[in-house]
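The opening position of the sequence shown corresponds to residue 246 in my numbering, with each subsequent residue numbered one higher.
Rather than coming from a laboratory, the hints here were simulated on the basis of the structure.
Where a beta carbon is used, it is the ideal one built from N, C-alpha and C, also for glycine.
Any given hint might turn out to be false.
What the hints assert, rightly or not - Here are the in silico distance ranges between beta carbons for each label pair:
1. GLU566 x SER415: 34 to 40 Å
2. ARG481 x SER526: 14 to 20 Å
3. GLY524 x HIS595: 34 to 40 Å
4. GLU566 x GLU531: 29 to 35 Å
5. SER415 x GLU357: 23 to 29 Å
6. GLU576 x ASP380: 24 to 30 Å
7. VAL386 x SER415: 14 to 20 Å
8. ASP380 x GLY486: 22 to 28 Å
9. ARG536 x ASP372: 43 to 49 Å
10. ALA582 x GLN406: 40 to 46 Å
11. TYR603 x GLU576: 15 to 21 Å
12. SER573 x ARG481: 15 to 21 Å
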Amino acid sequence: MTMPIIASCGQAVKHPTPTAMPLPTDETAESPTPATAGASPISDSRPTATDVPTAPEAATPVPQPTAFANPSAALPRSLPHELPERDLHALAERLAGVPKGSRRTLDAVPIEEQVGDQQQFFVVDIDTDTTYVVDATLQVVSPNAYWYVDEALDISDEDLQLAASEYENSIRPRMLEAFGDVWNPGVDGDPRLTVLHSDLGGGLAGYFDSRNEFPRPTHPHSNEREMLFMDGAAFRPGTPGYMKVLTHELQHAIHWAHDQGEEAWINEGLSEVATELVGYSPTFIEVFLSRPQTQLTFWVEGAGSIPHYGAATLFMLYLLEHYGDSGSLHELIANPADGVEGINDFLRPHGMTFDEVYA
């Protein structure tokens with residue numbers, strides 16, 4: 246599920262990692278959470294700090310730098326408040342041998358896929374943090390989506406048709422109005438979104454992985470299309486639980502198209518707001534109410550993340566109820582400022598700040 250990962254309070258690490266929704270469970274202390282996924286051509290590691298050796302007593306004096314006549318003129322007047330968005334394509338050009346100036350979209354003209362077509366897809370194994378390949382068949386084509394099923398699963402056309410109908414007639418129109426669209430026609434030039442049903446394992450209900458939004462030279466495990474992953478082994482397509490997860494992940498795909506570096510607590514909170522907007526109840530609020538000490542702006546990567554979903558959901562619902570409405574959502578996700586700064590921008594016309602609202 247997640248998109249960006251929250252590494253510390255108020256700071257997002259801009260990794261294009263899967264944004265994954267855990268399966269609801271009563272074992273909240275051991276609840277599965279989003280995890281980073283897959284191999285990447287770019288190392289995400291950071292250099293390790295090296296101790297500075299102590300100079301011996303007889304060390305040669307170090308020359309002192311020449312002072313500027315006006316020292317303040319040599320210093321930047323202000324440091325950038327926001328880190329730049331992490332651009333995977335630009336990093337691949339600099340560090341992974343991708344030719345500079347190469348296209349961010351596919352060169353080929355898209356061919357409309359047909360029912361019965363078979364494709365291979367990369368899928369993330371959250372448990373082992375690896376990527377594997379599945380064979381899938383296209384069972385349903387709707388006006389705005391391809392509905393693929395892993396050949397290891399048995400899902401009826403009728404169930405998929407029900408899910409596709411609900412998506413096309415209810416979920417997608419409401420999401421377009423409130424949040425906007427996914428990247429369209431996107432990396433592949435095809436206006437249809439792909440929904441792949443597979444056994445995701447690891448207590449994972451579904452996920453969105455932004456690495457699929459890049460050509461394969463940029464990331465070798467890209468499926469090169471706008472795509473959502475659904476656990477077809479855990480959810481029957483067309484049921485309320487399934488449609489809720491699909492809506493949650495759709496918000497992540499839309500959010501990525503408008504703001505690729507948003508912090509997880511905002512992104513996840515808005516995904517749960519999206520489920521309520523289209524007529525389903527948010528999932529994790531009661532878990533948070535049993536743990537009200539949960540920090541809002543911090544997102545964990547291990548057990549116990551579910552209360553954070555509830556905290557983020559309640560805050561976003563409160564924010565929109567008192568300082569906006571569903572028509573304000575697009576303004577919120579399109580703001581390039583992330584985290585608390587983005588909330589401050591949203592509240593500025595009301596003469597309020599995040600700290601004042603949250604106090």
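Outcome of the hint check:
1. Roughly 22 Å separates the CB atoms of GLU566 and SER415, a value that falls outside the hinted 34 to 40 Å.
2. Between ARG481 and SER526 the beta carbon distance is about 18 Å. The supplied range of 14 to 20 Å therefore holds.
3. Judged by the Cβ atoms, the range 34 to 40 Å given for GLY524 and HIS595 is violated: they are separated by roughly 28 Å.
4. Taking the beta carbon of each, GLU566 and GLU531 are about 19 Å apart, not inside 29 to 35 Å as hinted.
5. Taking the beta carbon of each, SER415 and GLU357 are about 24 Å apart, inside 23 to 29 Å as hinted.
6. Between GLU576 and ASP380 the beta carbons are some 42 Å apart, a value that contradicts the proposed interval 24 to 30 Å.
7. Taken as a hint, the range 14 to 20 Å holds for the pair VAL386 and SER415, whose Cβ atoms sit roughly 19 Å apart.
8. Take ASP380 and GLY486: their Cβ atoms lie about 26 Å apart, and the range 22 to 28 Å holds.
9. Roughly 25 Å separates the CB atoms of ARG536 and ASP372, a value that falls outside the hinted 43 to 49 Å.
10. Range check, ALA582 to GLN406: Cβ separation about 41 Å, and the 40 to 46 Å hint holds.
11. A C-beta distance of roughly 20 Å is found between TYR603 and GLU576, which places it inside the suggested range of 15 to 21 Å.
12. Our hint of 15 to 21 Å for SER573 and ARG481 is violated, since their Cβ atoms are close to 34 Å apart.
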